[in-house]
Amino acid sequence: MKELFAILIGAMFVENFVLSKFLGICPFLGVSKKTSTAVGMSGAVVFVLVLSQAVTWLINEYLLKPYSLEYLQTIAFILTIATLVQFVETVLKKLMPALYKALGVYLPLITTNCAVLGSALIFVERDYTFVESVVFGFAAGLGFTLALILFSGVRERLETADIPESFKGMPITLIAASLVSVAFIGFAGLVLP
Amino acid sequence: MDILIPVSIISGLGLAFGLGLSYASKVFEVKVDERISKVREMLPGANCGACGYSGCDGLAEAIVNEGVHASKCPVGGIEVVNAISDYMGVDEGSIDVKVARVLCQGTCSNVEQKYDYDGMESCHSANALAGGMNACSYGCLGLGSCKRVCPFDAIVMEEGVARILEDKCTGCGNCVAECPKSIIHLIPVMSGFTVVCSSHDKGAVARKNCKVACISCQKCVRVCPSQAIAMNDNLAVIDPTKCTNCGECEKACPQKCITNSMHRRLD
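Read top to bottom, the protein sequences are chains A and B.
With positions in the first sequence counted from 1, the corresponding number in my numbering is that position plus 61.
With positions in the second sequence counted from 1, the corresponding number in my numbering is that position plus 8.
Honestly, the hints are just simulated from the structure, not real lab data.
Treat the hints with caution; some may be incorrect.
Stated by the list, open to error - Label-pair distances were calculated between CB atoms; the ranges are: (1) Lys229/A / Ala136/B: 55 to 65 Å; (2) Glu129/B / Cys175/A: 30 to 40 Å; (3) Lys229/A / Glu49/B: 31 to 41 Å; (4) Phe191/A / Ala136/B: 56 to 66 Å.
Ideal Cβ placement from N, Cα and C applies to all residues, glycine included.
Construct the entire structure; sequences and hints are all you get.
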């Protein structure tokens, strides 16, 4: 239980996927314009992350390891993630059309969210058990949510700020992102990853 | 022979996932009326919301399911309305194409300033400070709030006054709703002459505040052969349904605040 809690806090704050590991920057910059879309996107990412962690762990353990095919991890994981995202999309379209509409193009884009593949490759590297890797995926998703919501707040403020012409748009966004990232260094050493 | 195991594992995974997905798509199939997607393709796709629905998808659904007329979309113009009406088999009806016009000429050289505004680039915020920095409290603040909501890049700021490029304007009305001074109006495109002033101040006050304000001298009212101009609270207003575009009012106006937008469209 203690280890799981350490993984949870570690993946959320100390090695926050977006702000410390710099994974999943594309949706971080793309969807953080409004807090409402940021929340929807984070929800979808958490869901896909947990599901993909479970499935990829099983594939890695029972298909790849017995034949020592670890070099196929990347391609097998990508295949799994793409399928899962497609599956989530189909299910959402049927059961929750409102959420499906709100997420729009960002739902299929989770396929290429490197945070999802990144967390799959990290659990292999660290030899996590099934439960540990699922908790790790969940925590990574929560960390992504935290970063996205924090940053969407920053960006909503930036909208009304008087910014020099040459910094308008992406430049000031990148600078703000780096400042938020620097703030997360404060968590380093809280828990040993 | 070693190569067979990885190849079969990966292709087996792919096959299993593929079959699973095709099964899922059958189980979770959503029936979509094909007419909706056809109508959706015909709409302009700007998602400006001028029709009052949530984007073009919303209007397409309403056209097919609720029998809403295609002329709800002011952006596509007559071609789009005709195409959709043909497809749905309903009467084409008539639409009057409208464009937005900014009823103000209070450029920096024409209007006095009450104070130096140095705040956020937003007309709403300037308007909150004693009604803005212009001496004329009715005029354009020139901070471009309308320009930012225009989905068609049809608004330019010139000398502190918004100007609408009428060949780009589609009459979606986003700027009309945005302007805190309510000086942007949707006017039928065929009506060339407009009183480009919104000041309801009395003549002397209006003249003091702005060089090109309507001073309610009523010369245009008297000269108009078709009685299309009326005074409304110290401001001349042209009724586009009566106006014949004769141009007498433009010649008569001593303040040069009646303009012919037809000329502007040409140059």
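Verification of the hints:
1. Lys229/A / Ala136/B: 55 to 65 Å: violated, 23 Å
2. Glu129/B / Cys175/A: 30 to 40 Å: holds, 36 Å
3. Lys229/A / Glu49/B: 31 to 41 Å: holds, 35 Å
4. Phe191/A / Ala136/B: 56 to 66 Å: holds, 58 Å
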